[in-house]
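Asker: Could you put together the complete structure from these sequences and hints?
Here the protein sequences come in this chain order: V and B.
Residue numbers for the first sequence follow UniProt numbering, beginning at 1 and rising by one.
Residue numbers for the second sequence follow UniProt numbering, beginning at 1 and rising by one.
No lab work stands behind these hints, which were simulated from the structure alone.
Careful: at least some of the hints might be erroneous.
Said to hold, decoys possible - Below, in silico cross-link-like pairs of lysine to any residue (SDA-like), each with a Cα-Cα straight-line distance of 20 Å or less:
(1) K41/B <-> A10/B
(2) K146/B <-> R192/V
(3) K54/V <-> E115/B
(4) K54/B <-> D29/V
(5) K54/V <-> R114/B
(6) K54/B <-> E115/V
(7) K146/B <-> Q193/V
(8) K146/B <-> D196/V
(9) K146/V <-> D196/B
(10) K54/V <-> D29/B
(11) K146/V <-> R192/B
(12) K146/V <-> Q193/B
(13) K54/B <-> R114/V
Being a predicted model, the structure only gives us computed values, none of them experimental.
There are 2 protein chains.
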Amino acid sequence: MFIRTEQKAATRARILETARKQLERDGYDGTSIRSVAGEAKVAAGTVLLHFRDKQDLLHAALFDDLETTWARAREVSEKKMQKKGSLERALTALARAFFDYYAERPALSRALLRESLFAAPPWSQRFAAQVAEVHAHVAQLAGAAKSRGELEADVDVALLGAAFFSFYYFALMAWLQGGHAHPLQFFERLLRQHLDGLAPRRKR
Amino acid sequence: MFIRTEQKAATRARILETARKQLERDGYDGTSIRSVAGEAKVAAGTVLLHFRDKQDLLHAALFDDLETTWARAREVSEKKMQKKGSLERALTALARAFFDYYAERPALSRALLRESLFAAPPWSQRFAAQVAEVHAHVAQLAGAAKSRGELEADVDVALLGAAFFSFYYFALMAWLQGGHAHPLQFFERLLRQHLDGLAPRRKR
Chain V
1 MFIRTEQKAA TRARILETAR KQLERDGYDG TSIRSVAGEA KVAAGTVLLH
51 FRDKQDLLHA ALFDDLETTW ARAREVSEKK MQKKGSLERA LTALARAFFD
101 YYAERPALSR ALLRESLFAA PPWSQRFAAQ VAEVHAHVAQ LAGAAKSRGE
151 LEADVDVALL GAAFFSFYYF ALMAWLQGGH AHPLQFFERL LRQHLDGLAP
201 RRKR
Chain B
1 MFIRTEQKAA TRARILETAR KQLERDGYDG TSIRSVAGEA KVAAGTVLLH
51 FRDKQDLLHA ALFDDLETTW ARAREVSEKK MQKKGSLERA LTALARAFFD
101 YYAERPALSR ALLRESLFAA PPWSQRFAAQ VAEVHAHVAQ LAGAAKSRGE
151 LEADVDVALL GAAFFSFYYF ALMAWLQGGH AHPLQFFERL LRQHLDGLAP
201 RRKR
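Answerer: Spelled out as structure tokens, the structure:
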């Protein structure tokens, strides 16, 4: 039984890795359950034991990758925060980890955004939970910045987290549509304007 | 000749109106060239004389509507700016016009975002030109706010325009995904935080 579970996990991992490779190389439309099965050297029925359909396979492939990216990004952003003590640096480090991931797999990223922005359950819930975790982390970093006096005491940190995602998605979309070659720089400029503040009349 | 051109335009308009109705009622997958032709009382071939395929029809239906919405929104936001003299009010009025349009056609809006975010040429260029026009308008409103002393003299108005779109798209996506019942309120809160500024150390 133990061996069978191990084998099953190994097969699942091999299918996912093959799917990632094909999606990046051949695009979403050029990838099929059959082509993935062929290259992973398993029967199409085996792929369908693990994944309901092609979209399920795409979501699983990306979700796993994003989990790994997020675990690394969380660590890096926390270190930046402790060492440099700047919210801007911490948030930039967080965004950079994700942008770096997408830059390595532009075709896969395009498919991800297109398919996952309007994913159906259960994937919509899983992606939403992932976003909620990152959002909570951003709010936590902002809270720490507040207690250091880096932000006004009345700043809504949850709202700041939403602004972080606004800039992150906008830079990502602009990059995927070919409008901006450097999404991180664009993100950084937007974030800086947000953190700097614009209204001269505000009491300080 | 004149009558034929008139007739052609009237047929095109009737096809578009029927398409909008069907897309809203039956969704993107439930709409076809054939079903639109049937309800508009024209041959399927006639629809295909005007539109290449279903996606072309969707894009044309939305593009025309957005043009109308935008013309109205531009006027309202300019009036707000002249009368109330507040950039925040003007930008909120601008966003409200679009959110109101989407709220009237939620299913169509969902299809729009899904299909048009990654539209191929020529639609990608047309949508990009539309966004560029709105962006220029936002920058112009921000420039006027600057000369009235409502914004710091060194504020990058083009970047402020990008922030406007970041919040607009994020609120729109959150609404379409069921995360926020009131996209305009969410947009307003994000915009206010951006305009208020967050960093207490900034020299004033």
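Asker: Against the structure shown, which of the earlier numbered hints fail to hold, in ascending order?
Answerer: As far as the earlier hints go, not one is violated by this structure.
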